[in-house]
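Trainee: The lines below spell out each chain.
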Amino acid sequence: MKVRVRYSRHGRIRFISHRDTARIMERAFRKLAIPVVYSQGFSPRPKFSFGLALTVGHESEAEYLDVDLVSLDHLESLPQQLTQALPDGLTVEAAIQLDQGAASLQQVVKCCQWRIEVIGAPIEAVMKAVSALVAAPQLPLERERKGKTSVVDVRPAILELQVVGPTVHGVELLALLANEDLSIRPSELIRVLALDLREGQVCRTHQFTNAEGGRVEPIDRSNLIAAGATMATNPLAPSAWPAESQAS
Amino acid sequence: MTSVWPLLEPWLAQVQKPARYIGCEDGAKAKAPDPALVSWLFTYPDTYEIGLPNQGLQILYEIINERADARADRAYAPWTDLEAIMRLQAIPLFSVEHHTPAAEFDVIAFNLSAELTYTNLINCIDLAGLPIYSRDRSADDPLIMVGGHCMFNPEPVADFVDVAVLGDGEEVVSELTELIAHQRQSGETKQQLLVSIAGLQGCYVPSLYQPQYSNDGAYIGLLPTLDGLPGTVEKRTVADLAQWPYPKEQLIPLTEVVHDRLNVEVFRGCTRGCRFCQAGMITRPVRERPAEQVRTMVQSGLKRSGYDEVALTSLSTADFSSIENTVGAIMDDADSMGCGPVSVSLPSLRVDAFGVGIAAQLQRARRSGLTFAPEAGTWRMRQIINKLIREEDLYEAVEAAFSQGWQRVKLYFLIGLPSETDEDTLAIADLAKACVKLGRAHTKRASVTVSIGGFVPKPFTPFQWFGQNTAAELQRKVNLLKDATRRANGVNIKWHDPKATVVEGINSRGDRRISAVIEDVWRNGGTFQEWSEHFDMQRWTDAMDRAGLTVEDVVYRHRHQDEALPWDHISAGLHKDFLWTDWQDALAQVGLPDCRWTPCYDCGACTGYGIEHVVASATPPAGGSQGTGQDLATGNSVPVQLLGPKA
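These protein sequence lines map, in sequence, to chains A and B. The C-terminal position of the first sequence is numbered 305 in my numbering, with every residue numbered one higher than the one before it. The C-terminal position of the second sequence is numbered 691 in my numbering, with every residue numbered one higher than the one before it.
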């Protein structure tokens, strides 16, 4: 039974790698004795599917993983249990059942929203650079992959970009960046801003899929209610859902 | 105490594997800094991935944190990228729990398990902001202590450290804590404290001993500088492992480390008597953990950690009494816990003790790698090193592995052993080819990886008098094996750099004058010498020249019987004449039985300290006769304390 889990990553633990996260998640399910379906074959592996990698050092309010569980008995309490089995800084906020044939996270996620702190230039300069970038018809970026250099126009991958305001050390940007055939990383966005900027705190705030002309999240509240499903949420999760915090 | 975290954090995104520096492991103790407590910083002088799994440090870390009067943090050598930043930004060596500067601890205690980490030892002392030589440090500076197997010849690092601790640390770490606490209350001087420490069994204070050299520069011995100091420093040995079920909460790292699995020590010590093996000589006698305790530690450890692999560690795990039953019980427990499949790995397997029975138990879950260590290619050579396994034993073990579904086994051999001929070396290739042939009967994919290490004679072994093979000679032997297996399908050869083997030799048997060499190499940038990309033998040979020493004299030369050895003032209990006799027996190809199951030959390790073997079964396991077919029925005068219901 496929289950999708949403979690956040904050604090010191943001320095672990994607691979580390996978190992920590696998161990957490074993600690809780929640049986995961294993692949068949010479070297059976538990069936996990980790979505987009999160860069070492970046925080996130919207990470996802899919896991194939033997039973759904624990789904209600899963977010809370998992959070307790995970190291500090990883907080599971929700878990839902997926259709058996549901598309993978890699397939459905089309873009991500980021809070990006840039350090090294006054806010006026950053605002000017952002305006110029948004107005530019093309943004050639040199990329090196497997020793080969190629130039890619990344402008179409920058869906939205705005300056939020000053931080203690720099300036905060809010960006919506594509994750399809053409994609761009926060570090590359900083490079194409054409200022001598350093990356400060970076946080992924949302991952979005496309549905009926609009953007929805892989675990989305309104979507769930429409489908009539129940969603297990973690009452301990520090970041409440936007809709919920407005209601209360 | 202060924290360097605010200084460090902004740089972490720029370095490789920053998870090395954040702590946060499950099992980490967050005992808050408190000036009233005696504080220890347990440090491994290599990267986090290598250092974190070190069981010795984890054991001491728990014991200290359980004490009401003390606390401990951990530190590891920062990789070169972070070190460069730390030096530029004036960030000192720090603990991973609280990011406290190392110099704020009472004791910085290093584990030295590999000689090639010695330059990292002084680099860490320097990064802490302290003078590297003990004589230059003040009364306010932390004490620098070192322990681990390398400290059975502490002289190469003697000038850098305040205290070297010999043998098992479980008890002495508390005794040291109490002496430091007492010094604080009484206002004793640092010198008075060091003299008290020198009175503890297992503690060597190098500054209180003066080395002596003859007119022609030969080392002739070491003299205490004060009355009342012990002339010989004896090692420590815990009599009963059952009383020390540590680590109780093994550290579970966030990032991948070596030996990344649950590790449970099933026994300490080994009396197989392999003559090249320092560990087997200095950790005597054999002390088994009760099987029931092993089972409990494994079960609780798996539940707590979520690991899917457990290693039963020791110097020769197949010798553990009723190993098959124990592995079976662990597998059964794992099945009933519902955490998913668990694999059991048995490092250090003797081939004569590995049969289809154990193989069948192990393959119930995911098969972990299998490594056997025949060590030498011919029976003649194996008689000389007293590793008395027959070719048939190896073939039976390999057959058992392949028949139970393994597709690859690893074989470990030494080259450069005493009296070795090219015939002995080339026999390694023949054994490997024969093993592949056995495997191919079961699977076309069968392969054998042959791992070749150059032999370094170590202190407190019968081979301590033997002149090490030169780098060129070791390389020639490696090449012989490469040529002999070039066309052998399924045989892969891996070898250790012979130049690194020479440097290991310098640091293994050198005297106190090696301190200057280590300093010289370090000043010329020679850190992380265990890492081939940072290792350069030229730095060492240049430093030896500048110190007026030769590799020929320290490494390649055979020692005389009446020669003073730089570790003669240290004792692992072993009588020097026992070692000499065993060396002569080796050259005469005379074997020595395992005293666990046969009469005591009085090596000194038990009798000297009033301790005995602790084994659950007086019956030798498969291979207990060491391939000699000797009758073991007479073995009843050996001091063996049986575990189980006490009378």
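Calculated directly from the structure, the hints in this document are not laboratory data. Note that the structure is predicted; figures quoted are calculated from it, not measured. Wrong hints could be hidden among the right ones.
Stated by the list, open to error - No farther apart than 27 angstroms at their CA atoms in a straight line, the calculated lysine-lysine pairs in the DSS-like style are these: (1) A:LYS104 / B:LYS538; (2) B:LYS61 / A:LYS203; (3) B:LYS477 / B:LYS488; (4) B:LYS620 / B:LYS347; (5) B:LYS347 / A:LYS59; (6) B:LYS347 / A:LYS205.
What the hints assert, rightly or not - To list a few chain B residues with every Cβ distance to chain A over 10 angstroms, as calculated: (7) PRO62; (8) CYS68; (9) ASP70; (10) MET130; (11) LEU252; (12) ALA262; (13) ASP271; (14) PRO274; (15) THR276; (16) ALA286; (17) THR299; (18) SER349; (19) LEU470; (20) LYS477; (21) GLN519; (22) HIS613.
Glycine included, C-beta positions come from ideal geometry on N, C-alpha and C.
Trainee: Against the earlier hints, flag every one the structure doesn't satisfy and list their numbers going up.
Mentor: 1, 4, 6, 7, 8, 9, 17 and 18
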